[in-house]
Amino acid sequence: MSISNSDLSYVVSIKKIMEQHNFMFCYKGKFTHQITKSILNITERKLVTENVEVSIKKKVFNVMVDCLQTICNKNLNDQYNRSSLIMIGKVNTDYIIYSGNIISNDDAISLQDKLTHINLMSKDDLRKMHYNSLSTLDLEKLGETGIGLVEIAKKSGNKLEFNFLTINEEHSYFVLRTLINKA
Amino acid sequence: MNAFYELYNVMNGKHIIMIYEGEFNQEITKTVLSMTENSFGDFGIESGIRKKIFNVMVEVLQNICKHQYNNHSAEPSALFLVGDNETDFIIVSGNIIENSKIEIVKSKIDKVNSMSKIELKEFYKVSRLESTLSDVGGAGLGFIDIARKTGEKIEYEFSPVTSEYSFFSQLARISKNDLND
Chain A
1 MSISNSDLSY VVSIKKIMEQ HNFMFCYKGK FTHQITKSIL NITERKLVTE NVEVSIKKKV
61 FNVMVDCLQT ICNKNLNDQY NRSSLIMIGK VNTDYIIYSG NIISNDDAIS LQDKLTHINL
121 MSKDDLRKMH YNSLSTLDLE KLGETGIGLV EIAKKSGNKL EFNFLTINEE HSYFVLRTLI
181 NKA
Chain B
1001 MNAFYELYNV MNGKHIIMIY EGEFNQEITK TVLSMTENSF GDFGIESGIR KKIFNVMVEV
1061 LQNICKHQYN NHSAEPSALF LVGDNETDFI IVSGNIIENS KIEIVKSKID KVNSMSKIEL
1121 KEFYKVSRLE STLSDVGGAG LGFIDIARKT GEKIEYEFSP VTSEYSFFSQ LARISKNDLN
1181 D
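These protein sequences, in sequence, are chains A and B.
The working numbering applies: residue 1 is where the first sequence begins, and numbers increase by one.
The working numbering applies: residue 1001 is where the second sequence begins, and numbers increase by one.
No wet-lab data here; the hints were simulated from the structure.
Rough simulated footprint, nothing fancy, chain B against chain A, three-plus residues with beta-carbon under 8 Å:
(1) 5-14
(2) 35-41
(3) 46-55
Virtual Cβ for every residue (Gly too), placed ideally from N, Cα, C.
Isolated chain B, as found in the complex:
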């Protein structure tokens, strides 16, 4: 029973409502998305905010699908969390990343976080033209999209696992109160 209480306490303290751990395939992703789409209506959340949550979730899940295979020596696995506190909805993804790639990802997020709404719009246009299909997340379009949709900074943490890999957590925050668009 200890395992139950351990997880219960973290979820309670951090206002987390859903955790999924494991492999993400298209079917699971679809089901998780439809859960959010259908269920948040029951919470009395405005449709504008719901749309935002849904869009950000799509980006985050896409990100997970791409990067769950990062650790070549293990089964594909990633973590997905949804939180709901008084002011925000939070969407968190976690996956393994090669240490050599941390700096690239970090600088992409930092860059996006430093931009204004207008700058982000411009940057999105330019990046979209530059990116190619084979270039997996090359321009960091996902980050730009998340930043534009949430209007908030993307929060991240890279925590070391081995000399080769780290665990990359990324949090997107959607305010319940303001509708920027």
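Bound conformation, chain A alone:
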């Protein structure tokens, strides 16, 4: 039996979810420039505390930057902006980064195409896709978000996992899960 003067059972639930999935840090809300900077600072500190290898640290950090940029790119109303989320966790020795945000259903369709396209590319293909060498056509096709996703795919070395959840006729919730292997 719990001893309490208020129902805080959700704190225990959160603790359990965090422990079970090895999440370390989550932020849900508006992503302003300052907040983005702070989130990156916390991540960096956390990685330093854990004595993570420099190359992994760099990868995690860079993927995080790209994910945050993808989230920040969306201009939505306040309520929708508050639904954006970033999480960082660990699976065994690998790092995992989730980002989630609301996008228009039109964007969801083109984003899904981009993600599928990127996932079909080999590591070599991805590596060749330097920002500077992208043709105007590629740039148009990928857009800012697409370029970010290519970068994420390159750095993680794994296929991008994603999910779109329809909210209403106009918007969907987009979740991206990026795995960064230790070796």
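Since chain A is already given, all that's left is putting chain B on it; use the hints.
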């Protein structure tokens, strides 16, 4: 993806904006504090309230730093949450506590919760004189400080983990509307 939605739903339902789980060292604490200090300005929060949030946060984080080692058989670990709903900011800490200490902590919080503003001020003075540096949180100065700064009752829950340990959650609420000081 289930893990994501599971956490998303709790955060959404309870208006939680930030969760940190793990070891707290000085650097992490500093970064978390500066995040709050810098970021809440972007939310259009009045500087008086921001100051209060910051001060309460310092107390709560200090509390975490002291008690994260409570479970001697595990890695140091604690939970820190920040919430933001329409009327209040909430700051929650969670850490392991030995069952034998629950009654002491509970009675300290209950005592603080039962006091008026003036009584708290007096109690703070007396407790500060009585406490010594080595006496870790002995007088419950942190609780008095939080109660004085928020002007609200401290909410708590001790939920059993094993026959030896429980999980102690503590919530401080800072109203967005009134500036008592």
